[in-house]
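Colleague: Okay, here's what each chain looks like letter by letter:
2 protein chains.
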Amino acid sequence: METVTPRRYAILTEGLLVGTHGKTAHGVLRYRDDAVAVVIDSDYAGKRVDEVVPWLGSRAPIVATLEEAMQYAPNALLVGVATSGGKMPPSMRPTVLAAIDKGLEIVNGLHECLRDDPEFVKRAQRSGSRLWDVRVPPDDIPLFSGAAYNVPSQVVLAIGSDCAVGKMTAMLEVERAAKEEGARIEFVATGQTGILIAGKGIAVDRVISDFVTGAAEQLVLDAAKTADVVFVEGQGSIFHPAYAPVTFGLLYGSAPDALVLCHRVGKTHIAGFDNVALPDLAQLIRDHEALLDRVKPAKVIAIALDTSALSDADARAAIAQTAKETGLPVDDPVRNGGLGLWRAIENGVRTTPKALALAASR
Amino acid sequence: METVTPRRYAILTEGLLVGTHGKTAHGVLRYRDDAVAVVIDSDYAGKRVDEVVPWLGSRAPIVATLEEAMQYAPNALLVGVATSGGKMPPSMRPTVLAAIDKGLEIVNGLHECLRDDPEFVKRAQRSGSRLWDVRVPPDDIPLFSGAAYNVPSQVVLAIGSDCAVGKMTAMLEVERAAKEEGARIEFVATGQTGILIAGKGIAVDRVISDFVTGAAEQLVLDAAKTADVVFVEGQGSIFHPAYAPVTFGLLYGSAPDALVLCHRVGKTHIAGFDNVALPDLAQLIRDHEALLDRVKPAKVIAIALDTSALSDADARAAIAQTAKETGLPVDDPVRNGGLGLWRAIENGVRTTPKALALAASR
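As they're listed, the protein sequences go chains A and B.
Each residue of the first sequence is one higher than the one before, starting from 1 at the first, in the working numbering.
Each residue of the second sequence is one higher than the one before, starting from 1 at the first, in the working numbering.
Calculated directly from the structure, the hints in this document are not laboratory data.
Which copy? The list can't say, so a pair holds if one copy fits it or any two copies do.
With a cut-off of at most 25 Å between alpha-carbon atoms, the simulated DMTMM-like pairs for lysine to aspartate or glutamate come out as follows: (1) K23 - E68; (2) K267 - E289; (3) K299 - D274; (4) K299 - E289; (5) K299 - D280; (6) K299 - D287; (7) K87 - D139; (8) K102 - D116; (9) K47 - D33.
Okay, chain A solo, but in the shape it has when bound (with noise of 0.2 Å):
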């Protein structure tokens, strides 16, 4: 797990800022503005970010060069690209050195890790330079105890119909609706992408197997410290004939109080799994509800629905037919913001089976 003071990165894109490569610094642009110092992209110096790429609502600097991103403070370099192939582009080398000599703390969520190349490594014990593979996982993950059964926080989880059906995109949504109304939440990260936007994790699906259910205890016995909810990025689907471990170890590791189900309209199978058709909502409610009530009770208190194929009235109207089909707030937290689902689960989180005892022992 990664804990550190608050990170000010400077995003390093040269030359792939606009477009999908540029999607690692788009995720944490958008969601984690305020720990961006600047963005080094010669190809874009001297404009804002939300002069190139106006989505992303992000006023940081570009700059040329690390010596100009230098008079920004920050103490963090991001490799902010994602390549096919998962390698780090030459041109970025010269920088990613400089940045290292100048003991800035280097943000890796490519494949090629820092840590397996000799000269950044001899680089960064020469200057004190921390490196930092997000995909790696730490490897002192203790195995799953129970512990997360007793933090008084209250822990939501995302479940999901499928994998890619915007889980993390409505928590962090969602996050930054309830931050902006003071509450104490935490989004816990669990795939690479959530680590670089939220600035700590564990890619639980690097996990080995028997230890993903305590590498999502100690992620919520963390967030825990400090937030009175912590919201668990979930990953795949409990019917996902390849991915399920990964999700199942969230599952019953996270040791969630409620559920927040993310689907995306019209989304009928698992993707590339023609042989695994979806139950309708209410039913994949309940399958989740019965599994949990083995272990941990925890029903689905809201929905996030992934709406952006439609147009505003379809919208509309599909999430008031999905609230009528499952008798749960559904919104879809992307097109109208975090707050109207912050609402829905602030309301149910109060009563959890956890909240309702605490209650009763007061």
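Start from chain A and add chain B according to the hints.
Modeller: Showing chain B alone in chain A's frame:
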């Protein structure tokens, strides 16, 4: 995955053949006596195994030294002990080194890895000896692809109400009985003891979570090349708070056509987790079948009951009672031999969805 010419083991126990530290040797002697050439243990040299540990049913000779053992033409040395802490007893080291120099494969189930010992590695490079640390999974496991859905073999997975309810033992007893009947079946090992017995397999609990289903699939694809019925060793329980990710890796990844439920009479909770009360067996069966119904349907076709704590009369009553409650064939294959359960499985796999589809296509 490990596929090699059949091993003829010299099993090294050196003073530990009797007692719990010898359990690695015991498993192989009980279930793979045909793969055992000789045992090396100077405390019992000159006797046969059945004169020292009768219940193993092995007539393998015991000798004092590797030199003597070589007369029995072993091609592998099995480190046949499980020590607390998982370290190799120092007294074994000279024998292991001598076996390496003779070119024998060294098979090791201890936590302490052969490959991490520079002297073992150097000597093995010189002699061409192979070092196999059975706990370490291969590093080229692919993601689950769905290829296991298409094997012509009948895949039977052992599931359980918990860890340590006799899943491996039940499968091995059934395999032995089935092979005596001439059936083309193969036991697929997924844990380290099973791997030592089978001579191949993958310790799935050591596989990175994203790849557990892929590991299970590869094991099935491999076994299906030569077996009509593939018996997959199960792990854990779908309701185990810590180990369910491993369980689901096998449940989805091995793509079973049928399930054999393993249970120890009197078990009511997951060991170590008082919060997890087990449903009755009929419900436990429904829970598994409901999950698989969404992915690849499979039914429980038989129950293996561990009645080892009961008298003969009580065991008979428990078996009858369980059969009545579930409507399924029930037996304790350790107490009564594996033939009864094999007959039930042989019968059960005739009506799996795959068997019916194959029959219809003929």
